[in-house]
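Quick mapping for you: the protein sequence lines, in order, are chains A and B.
Residues in the first sequence are numbered consecutively from 1, following this note's numbering.
Residues in the second sequence are numbered consecutively from 408, following this note's numbering.
A hint or two may mislead.
[To be verified] Pair ranges (Cβ atoms, derived):
#, chain 1, residue 1, chain 2, residue 2, range
1, B, Val-423, A, Gly-135, 11 to 21 Å
2, A, Gln-162, B, Trp-675, 45 to 55 Å
3, B, Tyr-576, A, Glu-299, 18 to 28 Å
4, A, Leu-328, B, Asp-527, 50 to 60 Å
5, A, Pro-334, B, Val-423, 52 to 62 Å
6, B, Val-423, A, Asp-165, 31 to 41 Å
7, A, Thr-211, B, Glu-644, 53 to 63 Å
8, B, Asp-527, A, Arg-357, 48 to 58 Å
9, B, Phe-826, A, Thr-211, 50 to 60 Å
10, B, Pro-591, A, Glu-227, 20 to 30 Å
11, A, Arg-219, B, Asp-792, 19 to 29 Å
Quick caveat, the hints were computed from the structure, so don't treat them as lab data.
Note that the structure is predicted; figures quoted are calculated from it, not measured.
For each residue, glycine too, the CB sits at the ideal point set by N, CA and C.
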Amino acid sequence: MARNAGLKNILTLDVGGTSTDVALIENLEPRRVRTTEVGHLSVRASSLDVKTVGAGGGSIAYVPDLTKALRVGPQSAGAVPGPVAYGKGGTLPTVTDANVVLGYLPEALLGGTFKLDREGARRSVQTIADALGIGLMEAARGIIDIVNENMFGALRMISVQQGYDPRHFALMGFGGAGPLHVNAVARLMGSWPAVSPVSPGVLCALGDATTRMRTETARSFSRRVSETSQDEVLALLEEMAAQTRAELAAEGIADGDITSQFELDVRYEGQAFEVPLAIDAETLKRDGLAGVTARFDEEHNRLFTFNMDSAHELVNLRAVALGPVLELEAPRLPEGDGDPSGAKIRDHELWADGAMRPAVIYDRARLRAKDVIPGPAIVIEMDSTTLIEAGCVGTVDAVGNILINPA
Amino acid sequence: MPATIIQANTTPFAQVPVDPVTLEVIENALRNARIEMDATLVRTAMSPGIREQGDAFPLIADHKGRMIVGQFGSYIGPFLEGFDGTVEEGDMIFLSDPYSVGGAISHCNDWLVLLPVFKDGRLLAYTSMFGHQSDIGGMVPGSMPIDATSIFQEGVRIPPVKIWKKGVYNEDLIKLIMHQVRTPDWCKADLNALIASCRVAARRVVEMAERFGDDIYTSATELLLERNYRAMQKLIETSVSEEKVSFEDYVCDDGLGYGPYKIKCTMWREDGRVILDFDGTDPQSAASINFFLNENMMKMFFGIYMIMVFDPQILFNDGYYPLIDVRIPPGSLLKPRFPAALSGRTHALGRLFDIMGGLLGQKTPEFLNAAGFSSSPHLFYAGTDQKGKWFQLFQIGFGGIPGRPLGDGPDGHSLWPGFTNVPNEFLERYFPLRIERYETVADSGGAGLHRGGNGINMVYRFLEPGVIAIHDDRWFVPPWGVNGGEPGARARKILVKADGTEVVLGNKLENHPVEAGDQLHFITWGGGGWGDPLERDPSLLAKELRQGLVTAEGARRYGVVLVDGEVDAAATEVLRARMRAARGDTIPTFNFGPDIETLRANCQAETGLPAPRQPVWHVAQAAE
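Next comes chain B alone, as it looks inside the complex:
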């Protein structure tokens, strides 16, 4: 049953001509409004996830629910089609259930607010924002249990409800929701921040309509959508072939011993439209690494890649979505069936970016990046200290950014460029731990003309007993190199007991007990290399040796011989000639490292962990 939109004034907006300059001014004003949404959120939110990690996304849509500016797939149209209720002035809708919005938010941690904007009794626009909540209840603190087998274990799941109904605040609703979570202060403040951001954007939209006129504003938004449509149409004609191209990559495991999970995407042009077909993707997991991918989200990602190269100032909007057809097999990792657990979807989300890079870049190698730190792995440490006070740390890791056309990949960074690390002083001040080491792992970045960035080794010495959880990936399948670049090193986790015993830990585990004095080596993966390592300037190797970023042994992968820290030019020439002769003339576009079967065979010996088992398709279990 579609939503009933109630308007006091049902006069339709008129389509009027808008001169190009007014159109630009409105586009700029919309961009500024979006920036204000982000700024309002950071200003008023409380949790580090939102204030420091910036884990929140805004959207401003037209009165038909199409995104005009923002950063997540517009769900509003399909949502309204399925919403069995009214939408009227003074309403505000709140939800967190991914299954209610086709995956526009991908796990219950993301709380989504939707505000219909009315002016003079007419529905003018929608503003919306979602933000990651630090805890929403469920079976583990942080609410992202890697071993959850059902969404019912992952915390409070909010269907679309009205938090404000015709201007009346639903206090009981909030009371009920906050009662389910471990961090009600943070959640309440963060929710208020989401609401404040939506209201700021709503005010700006009304101001724009007042400044330019209602019809000019709505006609301008229509033109902005059309402009992106035309731009994408041209790009599709010129950049996407009718011949199918494919790319595939993996999420290493699901924490329950199955993996690697293949994600495959095939792209081709047909009748002026792009098809992105995920056929060949492995089935959903029984655990929570599933990623419920929203088709519009995928279209947005695709559009970003395409348009950014040609007009980086363009506002992403829904305009070109009709030109893209996204096909995702139901029951696959990317379209799991209810009540599949979804909290651990970050790995698949990140892997998707590696895949898009490989898919779109393979025909234009000069624009191609290697595979890189496409995840936000985390460490969770919780317990009760000697004074009886509960502590819980949620720490995000950083690693090697891929080698790229521009140059080396940065060491110890993140795919999400807005993320910042929490200072070690802060960690040691507020949590019972000491950071014993915080350094890059030399040689972990893949060799290439442009080196892949190194991963990080962060050593935590726990001062109190407790439990830890680890969510990381790329420990089994290495991040690939491109254009002659080599794969980066894989991730590892090692627990060193007080007596020196080393225990290799899995990269996806929950509730692992630790004792005071234990040290966790949280080692993240390096980025793949870009280009021919035998072409890299040898003096750079000497410099990076001094900087601790490569070792003398590692320099040999570049054919560079370092003796006492200096380049031995003659020996380098000899070594490089030998290596060139051995490899032959063709330089592969992709270097994936060993194939999956070889990786399986060598897994225990190389990683200390048993190889994951191949995922199999099975009929989904009935809801509990």
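Bound-form chain A, shown alone:
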């Protein structure tokens, strides 16, 4: 998706009903970790480095009696009973209800088949406004600001805290509610463009369906680099490569379509954290283990801001076999002249900078490449809604991604 948009460094913002997942992609490679959280358990399994916060469209806003503070989440109304605006019996105000009150979510979703109960949303958010003694719009705006702040915190954790500058990254919002929040969060992060990708609501499903086949095997090695040799390591890696290639071959993949990659987990002797380093056989042969330790020192310094004089330890060896990349040609949009009015559905009003402002609602299906959409504007489609804020401009690229930048 990012490659199609010509972006290599992306922060991802996947906003669902209950939670928001964020991750970092550098040079089109997502960061991987060897430990992941499943519920409350820590599992030592390979996975992508995704951080989750309890902030989503269904997050419930409430004002505890004791402190009269405005809280949003982590409790969620889920899909059932869901936000009040869904009309499925929900009574507690949620982030979605606030978005409805502010006019960011127009009356109907899912291509018009799902009508939103705007009055119900207002009534529920009014309870928050009354508890705080402020206006309805201020209360709604407050709920959104707090949820955005939590997303901002999570994004900082995977970028700044890992030694990356968010200003060098684009921010891509997906999931049902991602494109609704991506512009505001991009402003907080300084990460531009804010991107609403094609089919943002089902992007994860698309990923699932098109993901490359991959299998891996790992072996503990646990030896000082100085006590082994490049040949010994290569021999083991080659053995492991053969094993993983055979697994994919058994799945019917032709040997010529299989790519082998290696990973070496290195740490300073006595430390508990390893740093995984991706490598291929040619590089290992050419640069040897000295090349590996040099790369480790560099990466360690970037992640942890220091190096040590201790011996290097090669902790684990890993071999990965990958199937072929599905070259999905993204369908190209017909090119327009920059004027999006052909996609306009109607005029609208939404809350921005402390007042109700005129805005335009567009149909994503009718946008053309090179269309320039001035904010404030809303772009609706079957699986999501994109908000372009006042003071920002959205540009449609060749395949239909909307790239939002400050005007």
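Dock chain B against chain A, hints included.
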């Protein structure tokens, strides 16, 4: 002499109105800043104590030194009052002496960094962080000698000094300090990590002031303090009675043969304020189990208990401290006199949480937990191996979490939920030992409707001769059960020699020699049970029998008869009826087990160790 704060810009901050939403956004931003402090620390520290155990605590304070977000008692106000020097832009203060900050850090292992934050020439805030150092010199590796009788034996003790002075780094100071410690690489990296965390927080605070405006930021922090004040005021009115309630518990011994040490707390409401009075607490020890309790720390603990139930998202801050009055008798275990040793204070710290639970929960039994694994006992093993290489292992133990309203207490865990165990593979890889067993001790969790968690038996087989040190507690006074639940089992330490001879070891000892082939059974205590064991579902007993968590004999404490692993329903009914008749109708809120005198009388027979002697008040010795 109070500190002189030097500001290029002395314009005071204006108090301006802040709308409720901006206030929330700032509170969230502060929370995120605190999380970043923790993350920076873990990222840049080197020692396992900080990276894996997370033994470090952050704080962000306003320009008057009051904590706005963080997790330790703010010491800044009193500290500045006693600091004979200047505080200006580019300064950073560093200290480790508990006596210099009224116990805000409780032993010299905790290195504390304080950074005044300036913006446009004005003092805007303070950020501070402390972290446990793996070694700071002193008479034993690890620097926590259980038998130290003076703080002078516990390692380098740093008074408040400037590590950075107007932007100039004091390299000689660091050189001098690192020269005193056995692990200078770790200490240096950990210190850098503390400094990095303070600087990250400082940047975030300045960013917040830039984003919202200086006056809005400072007014917001004022409002956050006020909000907690109002919340606590309400809670005090409704939840704390004017009638005095008390609770007491014990630290079993001090490693020098004295104990148990009673800690007593009495609570009541007077003129809208809560009094927490520790009168009745036993005197300080000659050894190092003393816990120099900082009053603000105690207020923070108290506030956490109270506020968490009603608004778990609240940021703890200093706002409500004026409403709480903490009284600690000087010369007691909790306010020892200089130069009392302080390194072994973990037991009293943990026991304090048991006491707070008992004190606050006794009027609302449905919220009450039993006593549980309120300590971080450790094993220390060091020596020189056959290749002439020095090794030293510092290993933290886990045990039974108390039975609680929610359900059973987890087996083999810790009061400090962030702690993780070091994998056995790692231990065996880097240290000359084998872990022969790592299992829960069946039946060690107190019986109850909700079972207390089991303790752990970890058996270390030492492959090299060396010395060990053990710091543990709850071997003499059992952890109490509540609402009908029974006490948990006590801790034990047994050294099995290669020829099979068993030696019962004390739970607080230093420098005990071990030989290659010796096996140490490090057995920790179980949590107390919650609720009536005769109400527990018998099928759970059968399940836990299969899981090795209870035995058939142990199941009888619940009135459950298991035959060949299955519940004998008829026999269970009979046994339960008999047990109910024998105990009568009243179910006690607390079950402490036998009283102290009975425990003393039976100590040698039951534990293999002589009973500790009652601590007595004496006049403190003059400093050496």
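Results for each hint:
1. The supplied range of 11 to 21 Å is met by Val-423/B and Gly-135/A, whose beta-carbon atoms lie about 20 Å from each other.
2. For the pair Gln-162/A and Trp-675/B, the beta carbons lie near 50 Å from each other, so the given range of 45 to 55 Å is met.
3. Between Tyr-576/B and Glu-299/A, the C-beta spacing of about 27 Å keeps the proposed range 18 to 28 Å intact.
4. For Leu-328/A paired with Asp-527/B, a C-beta distance near 53 Å keeps the hint of 50 to 60 Å intact.
5. Distance hint for Pro-334/A and Val-423/B: a CB-CB separation of about 54 Å, consistent with the stated range 52 to 62 Å.
6. Take Val-423/B and Asp-165/A: their Cβ atoms lie about 33 Å apart, and the range 31 to 41 Å holds.
7. Distance hint check: the CB atoms of Thr-211/A and Glu-644/B are about 59 Å apart, consistent with the given range 53 to 63 Å.
8. Between Asp-527/B and Arg-357/A the beta carbons are some 34 Å apart, a value that contradicts the proposed interval 48 to 58 Å.
9. Distance hint check for Phe-826/B and Thr-211/A: the Cβ-Cβ separation is about 37 Å, which falls outside the suggested range of 50 to 60 Å.
10. Look at Pro-591/B against Glu-227/A: about 26 Å separates their beta carbons, and that is inside 20 to 30 Å.
11. Separated by about 27 Å at the C-beta atoms, Arg-219/A and Asp-792/B satisfy the suggested range of 19 to 29 Å.
Going down the numbered hints, you'll see the structure goes against 8 and 9, while the others check out.
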